[in-house]
Amino acid sequence: MFNFKKPHIKISFLLIVILLMSLASLAQADSQTARPDRSLPASILANQLDSPIAISNADALLKVDQSLQGTSGAAQVIVRFSEPPVARAAATSVQSRSAHQSRIQAQQDAFVAEAMSRDANARVLGNARVALNAVMMSVDTAVLTDLAANPDVVSINPVVDYQMDLSETVPYIGASTVQDMGYDGSGIRVAVLDSGIDYYHADLGGSGDPNDYANDDPSVVEPGSFPTAKVVGGYDFVGSDWVSGLPTVPDADPLDDGPGAGHGTHVGHIIAGVGGVAPGADLYAVKVCSSISTACSGVGLIQGMEFAVDPNGDGDPSDHVDIINMSLGSDYGQPFDDDLSAAVENATAVGVLTVAAAGNGGDKPYIQGTPASAPTALSVAQTQVPSAALQLI
3 MFNFKKPHIK ISFLLIVILL MSLASLAQAD SQTARPDRSL PASILANQLD
53 SPIAISNADA LLKVDQSLQG TSGAAQVIVR FSEPPVARAA ATSVQSRSAH
103 QSRIQAQQDA FVAEAMSRDA NARVLGNARV ALNAVMMSVD TAVLTDLAAN
153 PDVVSINPVV DYQMDLSETV PYIGASTVQD MGYDGSGIRV AVLDSGIDYY
203 HADLGGSGDP NDYANDDPSV VEPGSFPTAK VVGGYDFVGS DWVSGLPTVP
253 DADPLDDGPG AGHGTHVGHI IAGVGGVAPG ADLYAVKVCS SISTACSGVG
303 LIQGMEFAVD PNGDGDPSDH VDIINMSLGS DYGQPFDDDL SAAVENATAV
353 GVLTVAAAGN GGDKPYIQGT PASAPTALSV AQTQVPSAAL QLI
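When you read off a place in the sequence shown, starting at 1, and then add 2, the result is the number in our numbering.
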């Protein structure tokens, strides 16, 4: 048998040697060629730094929202910490969960103590351990960068208030077809984070007497008025007089009251009232929106999420509701920088579905609000019944 490989190897080797010799000649010729002057212009050299500038607090600045940097004066902020919230460790034992809660509380307590030592007027607005590991505070923004140097701090963002989104009608979406199949929501618990619920309404298990509603003190729960067979629980996380920018004044009565009342009751009725989508479901009235305007408190919403994931407040989310409804949002939402969206993701981790309005931002492609933009949220867009008509003049 003839071997044809060796000649090819010799030829290849010879070609490589020739190529290397050529490259060496070119390099020698290039080294002898005069190169043009490439020194920097004098105007640039004059501005050259004598030594590098080191930013000692760069890591801390990355944690503080840009809108808060370089400012001063009291502002409401949400501070999130590195220890995962309880919702992310819900499957652990009672002992480990207790230890986890202690670590969360230690992070929050240490931060609050430092904040108050730097700003005598700082105050805590609320906190969360289950849906988020976060503290909401009013604090001088001038000290935020120093506070962010705490290695336990993940982010410091301004409190963002949201707006209620109006909902409309039931049969047009096909709910009656589902009900005819035997599904009416029985056994399902829905937390309605909104302006509260008029639990006196006859369609929501109340007395149906307008005088009962008119004579109610919305800051206290009158004996025998709440909860009802339909509205089985809830809490007011803002108070009847709250408006955007002011501190919340929580109380135990989640009545949908005041000149801005009605939105939460309307939403609750659509969900589970007489003639609603799921009339067999139970409702939790979680008041996080104003009784005076359409604003919804960013602080109240985080606390409302916490309540929905852990209604009895013992740090164990095993008593969580099944669904959270938020017919509200902030247009042009991005889930990666939104604290409420993070709470939605943590609620999902323990088995809670969040249904949220896609927004009132208009018919624009790829635009929706937060928290509906959270990856695991069920985002619902607005529709209009066929009977609606444009009135021409």
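If you're looking for bench data, these hints aren't it; they were derived computationally from the structure.
Hints may be right or wrong, so weigh each one.
[As the list claims (entries may be wrong)] DEER-style ranges, computed between Cβ atoms:
hint : residue 1 : residue 2 : range
1    : VAL126    : ASN49     : 41 to 51 Å
2    : ASN213    : THR179    : 12 to 22 Å
3    : ASN123    : ASN49     : 37 to 47 Å
4    : PRO377    : GLN68     : 18 to 28 Å
5    : PRO160    : VAL96     : 28 to 38 Å
6    : ALA144    : ALA216    : 25 to 35 Å
7    : THR73     : ALA231    : 44 to 54 Å
8    : ILE294    : ASN59     : 36 to 46 Å
9    : ASP214    : GLY317    : 10 to 20 Å
10   : SER119    : ASN49     : 16 to 26 Å
Note that beta-carbon positions come from the ideal geometry of N, C-alpha and C, so glycine has one too.
**Request:** Of all the hints given earlier, name the ones this structure violates by number, lowest first.
**Result:** Violated hints: 2, 6, 9 and 10; rest satisfied.
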